[in-house]
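K.L.:
Below are the chains, spelled out letter by letter.
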Amino acid sequence: MSSTWFRRIKKGILTSTHEKKEAPDGLWHKCPECKTTTTVKELHDNMYVCLKCNYHNRINAEEYFEILFDGEYKLLFDNIVPKDMLGFVDIKSYASRIEDAQDNTGLPDAISVGVGHVKGREMLIACMNFNFIGGSMGSVVGEKICRSVDYCIEYHLPMLLIAKSGGARMMESAFSLMQMAKTSARLTLLARAGLPYISLMTDPTTGGVTASYAMLGDINIAEPNALIGFAGPRVIKETIKRELPAGFQRSEFLLEHGFLDFIVDRKNLKHKLAMVTDWFMKQPKAV
Amino acid sequence: MQFLDFEKPLEDLYAQISKLKEMSAKNQVDVTKSISELELSIDETKARIYTHLTPWQRVQLSRHPDRPYTLYYIEKVFSNFTELYGDRQVKDDKAIVGGMAELDGMPVMVLGHQKGVNTKMRQMRNFGMANPEGYRKALRLMKIAEKFNRPIITFIDTPGAYPGLEAEERGQAEAIARNLFEMVNLKVPVICIVIGEGASGGALGIGIGDKVMMLENTWYTVISPESCSSILWRSWSFKEKAAEQLRLTSEDMNQFGLVDGVIPEPLGGAHANPEAMAAIIKEFLISTIQDLYKFDAETRITQRIEKFSKMGFYDEIEEEEKTEQSA
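If you read the sequences in order, they're chains A and B.
Each residue of the first sequence is one higher than the one before, starting from 1188 at the first, in my numbering.
Each residue of the second sequence is one higher than the one before, starting from 53 at the first, in my numbering.
Where hints are given, some of them may not hold.
[Said to hold, decoys possible] Calculated from the model, a selection of chain A residues having no Cβ within reach of chain B, i.e. all distances over 12 angstroms:
(1) Tyr1235
(2) Arg1245
(3) Pro1269
(4) Phe1275
(5) Asn1291
(6) Leu1344
(7) Leu1382
(8) Ser1399
(9) Phe1435
(10) Gln1436
(11) Leu1441
(12) His1444
[Claimed, not checked] Computed footprint of chain B on chain A, listed as stretches where at least three residues anywhere in the stretch have a Cβ under 8 angstroms from a Cβ of chain B:
(13) 1327 to 1338
(14) 1366 to 1373
[Claimed, not checked] Partial list, computed: chain B residues near chain A (C-beta under 10 angstroms):
(15) Glu234
(16) Asn237
(17) Ser252
(18) Ile315
(19) Leu319
(20) Ile353
Read the hints as simulated data drawn from the structure, not as lab findings.
Heads up, the beta-carbon is just placed ideally off N, CA and C, and yes, glycines get one too.
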């Protein structure tokens, strides 16, 4: 039989170089969940949520601030930067990990704090950056949360914390562990001041972050299908030596077990946030 | 007696002594002189071994199979102990024990992680790894103590909070977080002592106090050296190196100001002379509780918050918040 059907009629690539269309990196986005391809622009306009399957892509502080604040906002405490006091070295030194992360992200550390307006309501938002050493909680994260609490008390503001973290930063050893105590201690002052603390957990929130400030909200809420837990799924699997059920440690699982007040789609987040803030902050009408 | 690898020289000396004793019993020979010489050499060997321990050796000592656990100290340090069980919601967690007791005549609440003393008990105690019920039981007991103005003493000794399926279902993270928050605000004096292993959130979950102490041969940090090795070095074989890098010994922790002090152990470690260890702890507790009662509740709480607020290291760049001006 002949394979002439497939024989090329014209040889070589015919498009000349100057006619080639530019397709720069990052123009297209493939959903990690349903594999649908969309343009980055479409994804951005849909708040980084897949148009087809509602998968919430992981985003960082800059994107959340853009989604939630009415335009302008002020960044706070960006002059607090990490330091390698222990001289910690594993296969890489902590100092070089910090440097690399700062170069790659342009951020000082794994949390950014902004103050601005959400549908006209003034609010402080502290948001973790997962792209900075896995959103790990070290001294800078702890200190910035504490200062956020102080700021809210001083200016009488509600506080939203968006958690996204693999847990404590091992390279700061016990200093990172003690950030759990430090942040929890300072949050008692916010509670005493009668100001609301809303904790939004996003994919993923695990380890010491979950076991401290992320679970201490007046209301604890989450984005859909976010991994939220104390131990990571791999560790649990190794411990109990059997497969984990589908949906284990996901937002919906936590809601079912009573550990979340509600789950909120990113699209509705701003609206919901304004609503619950009003409930917390509205002065009752004088009788 | 059980001996760790670096304790081997001691094992030989003890073996010689028992051999001598056997011989003298058989042949009616007086060996008291040789025995006392050997005992002297045991003391010298102990002094040599235990004053130059590597961080990893201290980790090994903290897990020594003969090391006393919480219930031992409860029995030796306190009197009239009544164990209280259950979290009133799900069940009783055997990995954390606690109850009413008296310390030198003063009613106190005492609680802590409990490891098992043999294979069967180790399983029952879940190797000292608590589930959420343990932390909730601990908080329940502490709230009783607060209501009746009784000081609280916690003993920390855990390889970590249990990473199990049910633990997650019942909110391990929430249980620990809740304890941190509530312990900060307890109106009564709280003293926490790391008596063995102080691993991560599982330790901290009963570890917020006015005085947080470590026994000399214990460790306290964010992760066990083994897990740290497996995550950061991607291999289990760097545990010694991880132990060094983590700076997890009582000496380092005290120097960093992350604990309030170190309680010295008898020569050879707590397991070499548990009674003496208990006596040291008792004396420490009595005087410390007296000191803490010199402050009122509000002052103690403020000091607690200030103490933990100081923990951390970072740089503060002078350059006046450039981002603030641009917005």
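K.L.:
Hint by hint, work out which the structure violates, then give me just those numbers in ascending order.
P.N.:
3, 4, 8, 9, 10, 11, 12, 18, 19
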